[in-house]
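**Q** Those protein sequences? They're chains A and B, same order as listed. Numbering-wise (full-length UniProt numbering), the first sequence opens with residue 1 and increments by one. Numbering-wise (full-length UniProt numbering), the second sequence opens with residue 1 and increments by one.
Honestly, the hints are just simulated from the structure, not real lab data. All figures in this text were calculated on a predicted structure; none of them were measured in a lab. Backbone N, C-alpha and C fix where the C-beta goes; we use that ideal spot for every residue, glycine too. Hints may be right or wrong, so weigh each one.
Unchecked claim - In silico contact screen, one side only, chain B against chain A (beta carbon under 8 Å); selected entries:
1) L56
2) A82
3) N87
4) A89
5) Y91
6) H93
7) G103
8) L106
9) P110
Chain by chain, the residues run as shown.
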Amino acid sequence: MAHVTTMERENRRFGWLLTAPGLVLLAAVVLFPIVWAGITSFFNYSLIFPGYDDFAGLGNYAKAADDGEFLHSAWITLLFVVAVVGIQFVAGFVVALMLNDARRGKTVYYLILLCPLLINPVVVGLMWRMILHPTLGIVNWLLGTVGIEPVNWLGAPDMAFWTVVLVDIWHQVSFMVVLLLAGLSALPAEPYEAARVDGATPFQRFWHITLPMMKPVIVVTLLIRMIFAIKTYDIIYIMTRGGPGVATDLISYFIYRRAFVSLDLGEACAMAAMLLIVIAGLTAVLWRSMRQVQD
Amino acid sequence: MASIQLNSVSRIYGQGASAVHAVKGIDLQIEDGEFMIFLGPSGCGKSTTLRMIAGLEPVSQGDLLIDGQRVNDVDPAERDLAIVFQNYALYPHMSVRQNMAFGLKLRGTPGPEIESRIAGVAETLGIRPLLDRKPSQLSGGQRQRVALGRALVREPRAFLLDEPLSNLDAKLRSVMRTELIKLHRKLGTTMIHVTHDQVEAMTMGTRICIMRGGEIVQVGKPQDVYRDPADTFVAGFLATPPMNLIPARIEAAGEGLAVIAPGLSVPVPEAYRAAYAPYTGREVILGIRPEDLFETPEGAAPAAIDCSIETVEALGPETILNVKLGQGGSELAARLPAEGDWEVARQIRLFADSLRMHLFDPETTRKIAR
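Build the full structure now, drawing on both the sequences and the hints.
**A** Okay, here's the thing in structure tokens:
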């Protein structure tokens, strides 16, 4: 065991002293709700009859795994995550590549692109609900000026899902751009020059140099976006409340409904715990990927 | 193999009043099979010139010809040149083998030929055991060899080397210097080597092109440039320690002339009198190489110099003395045999061979022809 000097011991003590208020606050607002939810998930805890009298063991987990609505929400969430992350990645990468090559006005483009990301998701939801309003919205008015029939953006099941996907892309694509552009800017210029002399075309340079060298950044970016996409709640709450029907009933919103509409807190906590395991797994992969990027 | 010709080639960054002339209309002919060294301090335009030849920088003005063909607008890929970068620029995600094969694959070279070329070059450079490693698993010296190998497998018309030895330690640099010289002798391919290290310049090149401020100051064989520097910049840049440059005056001394400086009087040899006579009574810069100062009178026209020892640098095979000339005189460096017994502050007498002195015009800094 390494020898610890008095000075090191004092430094550590001082470090703990400085971080203690933050740690206490984190324990109160993060750790306590997680532990509480974890405990509650093993009880038949209802908000109508709150209490820990009826121990359910893994019953709530079994019920959730068997719940068609929950599985439907999980499936819708999976589709949502694949759609938004996939499209955001492709669009974000294209924009990042263009910005990386831009010689003039880079900062202006960058600031414009950042604007959506700076807006609160609730405001984004409200804004787009107004923009896409079937009768009062500007989009349908614009479509009408070129003779296209009004579209029920948030009222038709298939359309509502893709509308929510597009709004999320509009809101979050700049996050991809920011991260991917940072990665592209950090790439060394010399391998590209070597490849030019070696005879590589622009596409070959992208395929053989940019993509492989960007791989760690791409993995981290995709994982971060996936984690955030799985947790999407605000836009759904504001724009569709999971509807029409259950067309946009993403898992976070579904769990909220199970807890505070159906008042079945025990099962909602079990579902939240399952979601937490998935996100924790992705976070572990993210952590490992970020370590690789650092190395 | 290729000959490379630069006709009034310039590289200008920016426009109008803010334009920066990195290379200012240089003319240079590099012969087929030559080992040309671009030498100069940082920012002198040597790397920019190399990059223009490679096609990585556009030529702003003038003509760049390879084998007599104008290539100003030819893509780097089609110039058939290979470049070794200062920091090697290996593809980090590829193995050594893939790094070496990349350029050949892009050019459609058949697989078996790629393998045979890689095997041959790997054998020559001693990197066969490294072929399946990634660049991150290699030392600086190994990466340098791989970068060189990647250039060699291409069998290009010319090699462009952009300070490839500058990141190596002194011992490895010396080894690689020798290997590059041998390689050039073996291949006979045109090589252009950019460096700010005058030892590399003196030992490796068939010719040196010395640059300063985007212009060529002097081109010639290493020994010629060393013996006959065009100006004070070249005189002060080549060799360590560089030539001693002392502000002086030419005065009439009896029937002849003498170069006079505080604490110093060097008679002008008869052979140089006619050339230096027009400068009588004028300021000049006297140049004496450290190795042209001796403990005992040597040469046909030795001149005694009384001085005091300031510092002693015992380098092993030789000793560098930094001495001060009389009252208010200049400081000189003298390269002397290691055997001497020197002490700081001691008064000594050194001798300069006046036949080996150089005089420069202080206004133009150019050497006064003799």
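**Q** Quick one, is the P110(B) hint okay against chain A at 8 Å, beta carbons?
**A** Check failed: Cβ of P110(B) comes no nearer than 16 Å to chain A, outside 8 Å.
**Q** Tell me if the interface restraint on H93(B) is satisfied: Cβ within less than 8 Å of some Cβ in chain A.
**A** holds, 4 Å
**Q** Does the interface hint hold: is L106(B) within less than 8 Å of chain A, judged Cβ to Cβ?
**A** With a minimum Cβ separation of about 4 Å from chain A (threshold 8 Å), the hint on L106(B) holds.
**Q** Given a cut of 8 Å on the nearest C-beta pair, is the interface hint for A89(B) held or broken against chain A?
**A** Since the shortest Cβ distance to chain A is 3 Å, the answer is holds.
**Q** Hint validation: Y91(B) versus chain A, beta carbon distance must be below 8 Å. Holds or violated?
**A** holds, 5 Å
**Q** Grab the minimum C-beta distance from G103(B) to chain A and call the hint holds if it beats 8 Å, violated otherwise.
**A** Given a least distance of 3 Å, the restraint on G103(B) holds.
**Q** With chain A as the partner, please determine if L56(B) meets the hint condition of a C-beta pair closer than 8 Å.
**A** holds, 5 Å
**Q** Was the hint right that A82(B) lines chain A, CB cutoff 8 Å?
**A** With a minimum Cβ separation of about 7 Å from chain A (threshold 8 Å), the hint on A82(B) holds.
**Q** Hint N87(B) vs chain A: min CB-CB distance below 8 Å?
**A** holds, 6 Å
When held up to the earlier numbered hints, the structure conflicts with hint 9 and nothing else.
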